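Engineer: Got chain A; can you put chain B on it based on the hints?
There are 2 protein chains.
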Amino acid sequence: MSTLWRVRYAQRTAGVKNSAIRELLKVTQKPEIISFGGGLPAPDVFPVERFEQACHSVLAEHGALALQYGTTEGYEPLREMIAQNMVRYRIVAKAENVLITSGSQQALDLIGKLLINRGDRVVVEAPTYLGALQAFNVYGAQYVSVPIDDDGLCTEQLEPSLRTGPKFMYVLPNFQNPAGVTLSEGRRHQLILLADKYGIPIVEDDPYGQLRYEGEHIAPLVVLDHENLSRDKGFTLGNVIYLSTFSKTLAPGIRLAWIVAPEDVISKLVQLKQAADLHTSTFNQYVAYEVARDGFLDQHVKLIRQVYRERRDAMLQALTDYFPHEVTWTHPQGGLFLWVTLPEGTDSEALFRAALAENVAFVPGDSFYANNGHEGGRHMRLNFSHPQPELIYEGIRRLSLAVKMQLRAHVPH
Amino acid sequence: MSTLWRVRYAQRTAGVKNSAIRELLKVTQKPEIISFGGGLPAPDVFPVERFEQACHSVLAEHGALALQYGTTEGYEPLREMIAQNMVRYRIVAKAENVLITSGSQQALDLIGKLLINRGDRVVVEAPTYLGALQAFNVYGAQYVSVPIDDDGLCTEQLEPSLRTGPKFMYVLPNFQNPAGVTLSEGRRHQLILLADKYGIPIVEDDPYGQLRYEGEHIAPLVVLDHENLSRDKGFTLGNVIYLSTFSKTLAPGIRLAWIVAPEDVISKLVQLKQAADLHTSTFNQYVAYEVARDGFLDQHVKLIRQVYRERRDAMLQALTDYFPHEVTWTHPQGGLFLWVTLPEGTDSEALFRAALAENVAFVPGDSFYANNGHEGGRHMRLNFSHPQPELIYEGIRRLSLAVKMQLRAHVPH
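Just so you know, the protein sequences line up as chains A and B, in that order.
Residues in the first sequence are numbered from 0 upward in steps of one, following numbering that gives the first Met the number 0.
Residues in the second sequence are numbered from 0 upward in steps of one, following numbering that gives the first Met the number 0.
Here chain A stands alone, though its shape is the one from the complex (with noise of 0.2 Å):
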């Protein structure tokens, strides 16, 4: 019936598949099954209390313009909390330097919008987010993988990648989505050095920095470029875009999030974020700016920390009481995600049928490959924000179950 449009569609749209994860998310809304699939926050931590008292003096204090049109490049005092905030973690950005988003979607999809045409390579971790490979796959993105291991990005097989010309890399340095690993401090030097050699820039995504749950927090690469610019030629903010969101730790139904950047390249984004959606709810930014205000964001970042900590030990325990001794996983020092590596030759699509036949739900690694093939076969996500301990003791219990079952199917003895 709709012919007419749809041989009207643009060439981007073949990029565009329905994501697995959207059509799993779906199943696993059934009350019976406890899933470890989405990247959802848990919602007991949500200040529910205090945006209500935000919301009533946002609207009883600056109604007329918490409703009203605002500028594209966001509420003046949030873009001035968040570069001050960002200050602690050495990151050197004035209010300026900041960018609001309608959550760190649009920042990826406003960068791919601003850097790639149709073909041109971006480097990515194999695996990445997904939602990155979504975003720059309708601007006609090509993928050059690079492995991770427990030390994240492995940096020593950057360089054949850099060779090929890449417009820039992703990646996602702390508690990485979906992987759990962290980039160690010597990579991320490294990495800097060879950001700054082949001259190829570095989009650092950063959701879930703050919640580290131990270890010692690691400068963002948009600092260390900072100091390594600097040193050198008198820079400031230079080779890295920096993306951080509020999603993971306010809440993410504001769709609220930002980009450190250049001044330069911020005006650019700020063009083509006008053209996208004019600017992002002025009633959220003014609502989130109240909520966050007065040490609440960091008090409330505390609380966080303390109950994720709590699932992510409850998820490794049961790993531990569960797993058969052939399957591994990583020990995520924060974020919400940990990777479950099965020996070769199982099939983790296949696993996530048997696992919802035991009403568990995840998400099967191939979705965060950028380049085709079989390498995520053997990988699962988890999640462990979202169930309450005692969930995820018993999720855990019943993907041992499949997991026992699909090894027993499918390994050679």
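Treat the hints loosely; a few may be bogus.
Unchecked claim - Rough simulated footprint, nothing fancy, chain B against chain A, three-plus residues with beta-carbon under 8 Å:
| no. | segment |
| --- | --- |
| 1 | 53–62 |
| 2 | 131–144 |
| 3 | 271–277 |
| 4 | 280–289 |
Said to hold, decoys possible - Once the Cα atoms are required to be at most 30 Å apart in a straight line, the calculated DSSO-like pairs of lysine-lysine come out as:
| no. | chain 1 | residue 1 | chain 2 | residue 2 |
| --- | --- | --- | --- | --- |
| 5 | B | Lys196 | B | Lys93 |
| 6 | A | Lys29 | B | Lys93 |
| 7 | B | Lys93 | B | Lys403 |
| 8 | A | Lys93 | A | Lys301 |
| 9 | A | Lys93 | B | Lys29 |
| 10 | A | Lys29 | A | Lys403 |
Honestly, the hints are just simulated from the structure, not real lab data.
Quick caveat: nothing in here was measured; it's all calculated off a predicted structure.
Even for Gly, the Cβ is constructed at its ideal location relative to N, Cα and C.
Structural biologist: Frame of chain A, contents of chain B only:
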């Protein structure tokens, strides 16, 4: 310093410039200036108290869901409410035909992404909505402009442009932005027949449809298309994608609008939206639903009509009282804008500078023409929804001084 980034910008960024309106809005934020420049709704009619009650009950009753990630399509009860409300305008749509977007600007961006390959032609009115041009420019659209008069798009001049093989037509039938004119019923029928004859679909942008201050409601194109197609071929939704928004009836700061389209087009748009921002703020969708429900939206629209009609009348009266007889203007039956035509030879950019010196602002006509040239040099767009009647009267008085000065300086005697 960030040459590294600049040399990497994609081709599509070349089509994107800072909007004249955007820059202008910055100038006109000075308190001494009376601005007819922006397209801002009146903050005095924002239903602030109703928003406050809605935020309270949403957070108290649905906090865990309203602050969480949501589906890309949008909050189901809101989509159903929108579908039901549209039935009164004879728009035959189910919730499955409705996609919630982050403002109509995002709808335009998604449509550009869906349909426009670089170099594709789009038929637009001359003048047309600047934001649509900005959205489509990113994807490399070329434009075929068709003139408008007091009855809207001159459909009798349309056929040559349809023979150029455009991807689609972009039309604002009600109280057009910028000209304030309305497409007559006869021309609507003609447009639908031509769309069908040439197989060129229509994007119908209807942000102001509910804000009619006089005259009879005219069926939207999506309805006439439906009736035309269903009579002949048993179709329901077909050749028209219809856009509308809560920005002018509730508040623009919540960034909530919607697209109505056949289900398979919606499904493709959902994939693109997922890659662009995952979904529109769950919280805002819950709140808007709570604000609009139980007949509040209808009651509130009546109030807005009353307030804006008064302002439109104040502006029409002031123009009659102050402006020289060589100057003409449209008589909008609704919406937010009125379009002034100056004698040939006047330059609205020069007039703009002269007006600023008198502490009054408007948007020069040039911004609203897809194809350059000086078509817009004789025009100005005046917004009457934002300033209160006394200020409208005073602002038009000031503007008349600048106009008279320009006429003396530029028009041959």
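Engineer: What are the numbers of the hints that this structure violates, sorted from low to high?
Structural biologist: 7
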